[in-house]
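> Each chain, letter by letter, is given below.
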Amino acid sequence: MKARHISSLLFLLGLGLLLISIFQNLPYSNNLTGIGANINAQAPQQVGTANIVTSVILAYRGLDTLGELLILFTASIAAGMVLAYNPDELTDSVLGKQQQQPAGFILQTAADLLMPFLLITGMYIILHGHITPGGGFQGGAILAAAFFIPLLTLPGKRMDYQLGSLLEALAGISFISIGLIALFWKGQFLAPLGEPGVPGALLSAGSLPLLYLATGIKVGAELANLLARLRDA
Amino acid sequence: MIFWLALLTISILLVAAAGVVLLRNPLSAVVASGIVSLALSVMFVILRAPDVAMAEAIVGAGLSGVIFALALRRVGLWDVSAEIKHAASSPSSQAPIRNKQSTE
Chain A
1 MKARHISSLL FLLGLGLLLI SIFQNLPYSN NLTGIGANIN AQAPQQVGTA NIVTSVILAY
61 RGLDTLGELL ILFTASIAAG MVLAYNPDEL TDSVLGKQQQ QPAGFILQTA ADLLMPFLLI
121 TGMYIILHGH ITPGGGFQGG AILAAAFFIP LLTLPGKRMD YQLGSLLEAL AGISFISIGL
181 IALFWKGQFL APLGEPGVPG ALLSAGSLPL LYLATGIKVG AELANLLARL RDA
Chain B
234 MIFWLALLTI SILLVAAAGV VLLRNPLSAV VASGIVSLAL SVMFVILRAP DVAMAEAIVG
294 AGLSGVIFAL ALRRVGLWDV SAEIKHAASS PSSQAPIRNK QSTE
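The listed protein sequences derive, respectively, from chains A and B.
The numbering used here numbers the first residue of the first sequence as 1 and each following residue consecutively.
The numbering used here numbers the first residue of the second sequence as 234 and each following residue consecutively.
Quick caveat, the hints were computed from the structure, so don't treat them as lab data.
Nothing here was measured: the structure is a model prediction, and the numbers come from that model.
Glycine residues also receive a C-beta, built at the ideal position from the N, C-alpha and C atoms.
Covered stretches of chain B (chain A as the covering partner; in silico rule of three or more C-beta atoms under 8 Å from a C-beta of chain A):
#1 248–254
#2 288–294
#3 297–309
Go ahead and model the full structure; you've got the sequences and the hints to work with.
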């Protein structure tokens, strides 16, 4: 038991006590500032989303979401630069030979069974982001997992990095161009376009589902590329 | 009811977090950190934030665990006991430290 362990455990203990005390004193359904109540009351009519979180993420705070995408993009670029390698060098090394071994039966069967369900779940979460909890980031991460799991079972197979980068670039460009169209049409960057529609309908909330689709494809392609690079590294 | 559920979740979270610090095997520590994220996502559901809970479950328990595990393999700390036995049986692949610089 080193001093480092003891200090970490003390920190954990304090954090746990804090969490418990916060949870006991949490003011449930009491309005602290009034902003939440206003957004809850006005967002379904103004933006047309049944999921209020989506109206905040894409309509009221669209620029923050663009910044979040930028952070993820920068992190992925940095990781890709660190992990960049020469493919010819890898096949000659010990690592290359070890990776040629086929995966086990359980992993192969599970990957074959899981991939279509993961794809459907990811697309569902992205496309229903304005109705149910979830959205582009969550669905995109599931899509990345769906494309990464088959790579685990095929050790010799290389991922098509060019296709992933192309998809990611197209999705990023379309996100920004929707924002620019809103800038010229409505005078505000990333303002929601189109009719709000009926909250809860699949075709509602104007351009927000398109923004979430772009977000999902961008996050999915980015994370799948990153995971495949990490696997090959 | 909800208090006891939260208490159970927090205790699982704290035990798993203690496991991250105390477990000797780095791979076990990664798994324990995934359990921390999973318990935290249950906590977010109790606190009525399903969006955050989804992000925490997918990114915290799923993707970051995979990224940590792959990074462990890259720096040579991936020691599952089965793999050590395998490396001992076949002398051709006895390089637990998978460092590209060392093979060159």
